[in-house]
Structures are given as C-alpha cells and as structure tokens.
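Asker: Sequence:
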Amino acid sequence: MTNSSAVLSRRSLMFAALAGVFGGFWRPKTALAASKANDPQWDLSPEVWRERLSPQAFDVLRNEGTERPFTSPLNDEKRSGNYHCAGCDLALFSSEGKFDSGTGWPSFWQPLSEAIETKVDFKLIVPRTEYHCSRCGGHQGHVFNDGPRPTGKRYCNNGVALVFRPAT
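According to the numbering used here, the sequence shown is numbered sequentially starting from 1079.
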C-alpha cells in the first residue's frame, strides 16, 4: 500500500467514524416522539391527540417542542394550587414548589411524587435531562442543576404543557 492510499483510507475511516458519532445525535421530529404512555388509556394516536390539544400544545407535548420564553401566563400565576399535565390532567407540581427563575418559563424546584419521568435528550448535542408526564408521556420540559434549595433543581416547564388548578 502506498502512502497516498494509506492516507486516503485513514481519512475515509475518520470521516465515517465522525459521521457515525454525529449522525447518532440527529433524529427526525415525528408525532408522538414523547415517551410512551404508561397508562394504556393514554396511548392515543396522533390524530386523537391533535383533536384534544391546541396546535402549540400538540407540538410541545407530543413532538417535544419548546414554546417561546415569556409567553406563558403561568409565569405570573401566584395563587395556591397545582399544575396539571395539559394532556391528561395528572397533577405534576404544587404552587409551593414554584419559583421565578428569570428564564421565561414556569419553573419548579420539585415535582409531585411519581408525577414525572426523565430521559436524556441529545437534540442540542450536549446531553440534557428531559422530563415528561408519567401517565401520558407528554413532554413537559428539562431539568437543570441550578435551582434553589432544598433540591438544587430547576424543572423548567413549557407553560402550554400545563393547566393550573387553584386550591379550593
């Protein structure tokens, strides 16, 4: 083997390896990309979800989209109550765990027990922790390690993925 063919082979191998690594991060955005529902009652077709949700809620909950910051009226919600999944009405967060993170999305330092599940999200190449409703699998947002005490967590939620239910 000549030097030029050895270089060509090494270059081809390096290119193939890099393409494989970075190609693994890309995935097409499809309906129901969110985690599968744990409850068969909520394992619905994309058509049924489209009928039940607004277009923006469908994009966030079922396609793992993100709403624009500072657009949710829930940012300014101060009443006592619970925040429920807009897909299936499961209570996810209490107003007691809500705080103003300054990010433009409703933020919480702790979810209600067994209300959410997490998975690693590689959409921005750098891995992030995505969380979703434990009942219907609807995407809610991402969790970060820059929140207040006692957990140090910031559950950054899309407002359109939530419904606020005031305490009675």
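Hints may contain errors.
What the hints assert, rightly or not - Straight line, CA to CA, 25 angstroms or less: simulated DMTMM-like cross-link-like pairs of lysine to aspartate or glutamate:
1) Lys1156 with Asp1178
2) Lys1231 with Asp1167
3) Lys1197 with Asp1117
4) Lys1201 with Asp1121
5) Lys1197 with Asp1154
Derived by calculation from the structure, the hints in this document are not laboratory data.
Keep in mind it's a predicted model, so treat the numbers as computed, not measured.
Asker: Next step is simple, just say for each hint if it's right about the structure.
Answerer: These are the hints, each one checked on the structure:
The straight-line distance between the Cα atoms of Lys1156 and Asp1178 is roughly 10 angstroms, inside the 25 angstroms bound, and the hint therefore holds. Under the criterion of a C-alpha separation no larger than 25 angstroms, the hint pairing Lys1231 with Asp1167 is consistent with the structure, at around 23 angstroms. For a cut-off of 25 angstroms, the pair hint linking Lys1197 to Asp1117 stands: about 18 angstroms separates their Cα positions. Between the alpha carbons of Lys1201 and Asp1121 the distance comes to roughly 24 angstroms, so the proposed pair stays at or under 25 angstroms and holds.
Our distance criterion of 25 angstroms between C-alpha atoms is broken by Lys1197 and Asp1154, whose separation comes to about 28 angstroms.
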